[in-house]
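S.K.: Produce the complete structure using the sequences and hints provided.
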Amino acid sequence: MADGPKPSSSVKLVLLGEAAVGKSSLVLRFVNNDFQENKEPTIGAAFLTQKCNLPTRTIKFEIWDTAGQERFASLAPMYYRNAQAALVVYDLTKPTSLVKAKHWVAELQRQASPGIVIALVGNKLDLTSDGEGVRSGGDGSGDADVAEGEESGDARKVTTLEAQSYAQEESLLFFETSAKTGYNVTEVFTAIANAIPETSLKTTRGSNQAQGRTGDEQQRVNLNANSAGAKDGCAC
Amino acid sequence: MLNLQSLGSSLVQRAQQLIDPMQGLNLTSSDKNPSKASLFQSQFRLPSSQTPLYEIAAELTIPPAGVTQGDKDHDRGWHYAGRLHLSEAYMCFSTTPSSFLQSASTSSSQSFTGQTHGAGPNGNGFTFPLCSIKRVERLNSQNFQFSLAITTWNGVLFLPKSQRDSKDPKELKEQRITLHLAGSRNACERFCDGLKRGLRAALGNLPKLRNVVAECYSEYLLRPDDKDKKTVSPPDAGLGMAFRYPGDPKKLRDRAKMRLWHEYLRDNGRNMTLVRQPTFHKLIRVGLPNRLRGEIWELTSGSIYLRLEHPTLYAETLEKHAGRESLAIDEIEKDLNRSLPEYPGFQTDDGIDRLRRVLTAYSWVNADVGYCQAMNIVVAALLIYMSEAQAFFLLSALCDRLVPGYYSTTMYGTLLDQKVFEGLVEKTMPILWEHLVKSDVQLSVVSLPWFLSLYINSMPLVFAFRVLDVFFVEGPKVLFQVGLAILRINGEELLDATDDGAFISVLKTYFSRLDESAHPKSENYKLRAVTKFQELMVVAFKEFSNITHSSITDLRLKNKDAVLNNIENFAKRTAIRNLGPDSKTINPDELGALYDRFYGVLYERQQRDMILQEEKRRKAKSARSRIPDMSPDAHHGIEKGRVGLGPSTSLMDYDAFREFLAGMAKWAISDHSPATPRRENSDQRSFASMRRSEALMSPWGAGPEPADHEFTQRLFRHWDVNNTGTLTLQDVVSGMARIKGKRDIMGAINYFFELYDEDIDGKVDREGILSMSEALLFLSRRGLEGTLSPSLHEFNSQQQPPNQPPPTPVLTTPELTLPGVSLPEKFLGSVSAFIRRCFEYADPDHPKNQRSLGGCQQAGDKSEPAVDNNAFAIGDDDDEEEEDLLTLESPPGSPKAAAQKPTSFSSSQESGGDTDARRTVSKAQSEAANVALDPANPLHITLPTFRMVILADELLEQFFESSFPTSFHVIDGIGGSNGATTPSSLTTFTNMGLVPRSAFGPAGSSQQVPPGMAGPGRGLRGVLDNIVTAAGEVRRRVEEAQKELEKNALPEQGDEDEEEDEDYSPGESQKKRTTSMVGEAERRSVLSSDRDLLEGADAEAGARDDNTASEFSDPKSGSLAISATSTPRPGSSQPVQRIVEFEG
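Just so you know, the sequences run in chain order A and B.
Take the first sequence: its letter number 163 is residue 162 in numbering that gives the first Met the number 0, and every next letter is one higher.
Take the second sequence: its letter number 538 is residue 537 in numbering that gives the first Met the number 0, and every next letter is one higher.
By construction, these hints were calculated from the structure, which means they are not laboratory data.
Fair warning: this is a prediction, and the values are worked out from it, not measured in the lab.
Honestly, I wouldn't trust all of these hints.
Computed footprint of chain A on chain B, listed as stretches where at least three residues anywhere in the stretch have a Cβ under 8 Å from a Cβ of chain A [claimed, not checked]:
{"hint": "1", "stretch": "365–373"}
{"hint": "2", "stretch": "390–404"}
{"hint": "3", "stretch": "408–414"}
{"hint": "4", "stretch": "493–507"}
{"hint": "5", "stretch": "720–726"}
Ideal Cβ positions, reconstructed from N, Cα and C, are used throughout, including at glycine.
M.R.: Laid out in structure tokens, this is it:
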């Protein structure tokens, strides 16, 4: 069946999370392998695409990078509408951002497409003392807002355990990343790509074949999503 | 001749313009009928302080350029027919007819006639601040009755005085225009009178004008070429002066544009005194020259008039808030470095600082909006062309008038305009629309940033600014026209795009090539020279010229509700989800209903407040001015706030809280007339100050007046965890969760105790106990709800009192009555027993023990403190059944209970009237020395005691288990239909036929019955007070008993001044024990009056059920009986006031 190029399908992915946790930076790292200090704030949402090559298929991510400011929240339904995957980002150095992230997870589970794959991502690992040597020293120019107290060597305020157990509870993929150093960034997107259930892919080119690998990943797919009223959420 | 002609042409113009724009943007005021004032303000872009006072048809004559003065030039020059308007501080003229009938009232224009709908200054004419008028002369004219020659300060403002006063007009080149008024002599005279008054009033504003105008670049540009020109530095025309303006000046033909503007301004006046002629609009369409851009934006948007009104506002705001922090500031800081970062000015501190200051200042003056991402981009763009203050006021004009709601916290304006835009696309490009729908591309994901950042970060800056040039004159329709044109021009390619990505990339490419030729392959070099941007402008304004303000207003109106509902659903969902763990104990439906009620009350109150203010203002105004404005529908312009419009209010004060409670709990509805004196203590004074002193309308709107009881105050304070005097939604939900959440009786009992244990020491003192009993009576006075035990239902056979309608089963359990005794009466009995038991089992409050008691309490609820034994010892002295304070105590259902009730109030004196006998009994009783009542022995109950006392009574137990939580009808509320608000459903003695009408006639008649309260026997409501204040009476009796005690203990000592001794500290009390003979006499008189009333009650009760009185023979029980439970006093205030004294 899969003769010629690997089957390719596009996946709509939306980034959500508090302002300045590094959503845009994660995308920029993933798409351009780049990091920018001063990015214009996202007005509404930015749209980018990037391909992700899996052994058996190619996933083309259509990434909607949303504005993080609280008042833009009411626009979010417009962007997560029909999304097959979501990246909910928080800032490891800012506990409130995890709270906000949890709100987003709850929102997505109730309002987004059923079966949406949600990944919880703690960003700015470079500001913490762990992170397997990803720390890039104390220059700390970080994302849009620089966590305070980085001089102390560890600005981490959210433990891996806390976030991880929450992620497990809610059946989310979980990663800690650094958009600045690039640590774990690609892994997030790859994991999401793997977790997308075959059935929810736009079957453009013979992607119907059974994929053992994705099957294994099914367990990580969030199946809790409440399908009821998934479309009601659109605010426009 | 010419005049007639021009008048004729104006008619044609008028007719044509019937299809022209409406610019009603007053989404926050009445949509369908924008007020005349708001239309006027929009049309001339005036501040909201201006209202149209006079209006008259007139012809404007502008002398031809170069001609200075002289009657012989009368027929030369330009003539425009239109209407002349006068407001408080402005005289405006426009050829675009006003959008309202002259006869329309100031506040409404139901007969909306015109087409401008406040379209902004796109007609020819002028908007002169009155202070810019130097001189008005009346001319003799053959054609018109009144001709005025207006000379402005144009150009002479900054001349040295000597030069300014020069009589030589040639040298001065004063701006002088002529106005011929066309109206009845009367109308003309009225107008002129108004003008005279206005001019006089405006005299003081000349310095302001000078200040404001000094910041305008045109003043510098048009300075006479004298020797200073070189030395004077030009006013700040934005960062562009230092960092260059975007784009290539050559390509932009900036020099040529500047020359044209120079000419125009020279001939037609500058800034404040500018007269709009057709050239003005043309010059704007071709793009403004860099250095004048800011000023013209300011002028056309009207923000210059805001600046004139308060020239120092910007600086003052910054100064006032210097060093302060806010959420908005945090958000601003995050974005400062990423606002037009490619513009060199914003790579420097100067630029960044300016941006910071403008955004910060605005976030302070408009805290409701604060800061919204995209504002940084817009302001950054403005700052390239104008000074900080100019940008600050222009931002105001944007947020308030040009793009209302775009940057609000809910961004409803943005979402709404996206809907409108989609609607327009569907209408004008159906094929494209169909394609979008089919390929599931959501247009707004593309177009939203266009609108939100006014195309600034979508198009290359030079082009975005061209769009802005037109936008500021013509208003928001420009955004739509440009957007539609973009789609039309790219239609073909967009039809090939099948997903968001492709769609976006088509447009991205287009924007990046706007400077390229639109027809690169054309043979015609002229056509080849047309850029894509020029093509865009042509398509936007020609092809979409039918996109008018009227069509946009219509579409906005049509979509508004849906958009707001969507936002509100989202906000509600989010808010509820984020309410924290407490909220999880409340079921989601109730949570939703709580949310709705919370905001419902707040917004309703806000609206009522605004209406009241409006009313006041209107009255004040019509009293001042000669124009009567009696329109009865004056407040239709005030729209109720909505969550979707941005949270203009989210804090609930005490009065709102009362209203909130009254919406869902029967007991929270007042029985009092609004005039009822309230308990005034220190806590309450702040509440009282929030209330409006004079109610022009019912302060509670259409709803019933909420009760103001000590219990509601307590509840409010308890829910107000942060002690702010206001409740947030979170507070309300957390509070409610404690009551309705877990539904376990222990929780409810604990909670009730907590309410009274204000210092959280685990103890509730005598005062608290009495307050508790008051509260129990208060809560039960309209009947008990919820599940009551079968044992009670058994007695349900004999049902309702005669005049009581059948109860609604849904909300209330049937009023249970024993033969002659209703459930509420039984409840009274329970409360009575409660008080007795509390005192019985109370712990003494000796200072020695206090600490240990508290310690014990904290250590463990279950362990009775060791001191309890003492307490019992004290209480045991007179621990007898008969010592019942309310004398109603009896096991539920016992015949005794049935019998006691009605007569208990008058104690044992069947014949009545024998005060002395009563006294004797009382004395005898007090000699028995209920130590518990002795203030010399302060006491308290602990939570375990309280629990025990509650659980000892079936009815109280059920009250806490079911009745109290059930009494909050969070979801269905208490509409009028269920009868909760009608007095007939109140559990009153009246309803039971126990009290004669005459007894409370006065109270009833003085009452102002709120709507919804009307019903049979409403005059009898006064009697309720008595139930509610029963415990007040208990207090009184306690006091009395105490006095007796004191009297007995220290018969000789009398201190008349301190009869109401409130000092309970044991050390002090000995000294202060007093008995006042005066007080005694007073009490006696009260009692006897009580008794009179009670006799009636007895009589009626007796008539109904004879055996009631007979049971009632125990003299002891009468001694402390709560006579007042049934004592119908004419005014309930007395016990209440006594409480005040009691507490000091």
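S.K.: Please go over all the hints and tell whether each is borne out by the structure.
M.R.: Here is how each hint holds up against the structure:
Requiring three or more residues with a Cβ within less than 8 Å of a Cβ of chain A, the coverage given for the stretch 365–373 of chain B holds, as 3 such residues are present. Here's how the stretch 390–404 of chain B fares: 0 of its residues keep a CB closer than 8 Å to some CB of chain A, so the rule of at least three is not met and the hint is violated. Counting residues of the stretch 408–414 of chain B whose beta carbon lies closer than 8 Å to any beta carbon of chain A gives 5, which reaches the threshold of three, so the coverage claim holds. Look at the stretch 493–507 of chain B against chain A: 4 of its residues bring a Cβ nearer than 8 Å to a Cβ of that chain, three or more, so the hint holds.
With 0 residues having a beta carbon nearer than 8 Å to a beta carbon of chain A, the stretch 720–726 of chain B misses the requirement of three or more and the stated coverage is violated.
Comparing the model with each numbered hint stated earlier shows that hints 2, 5 do not hold.
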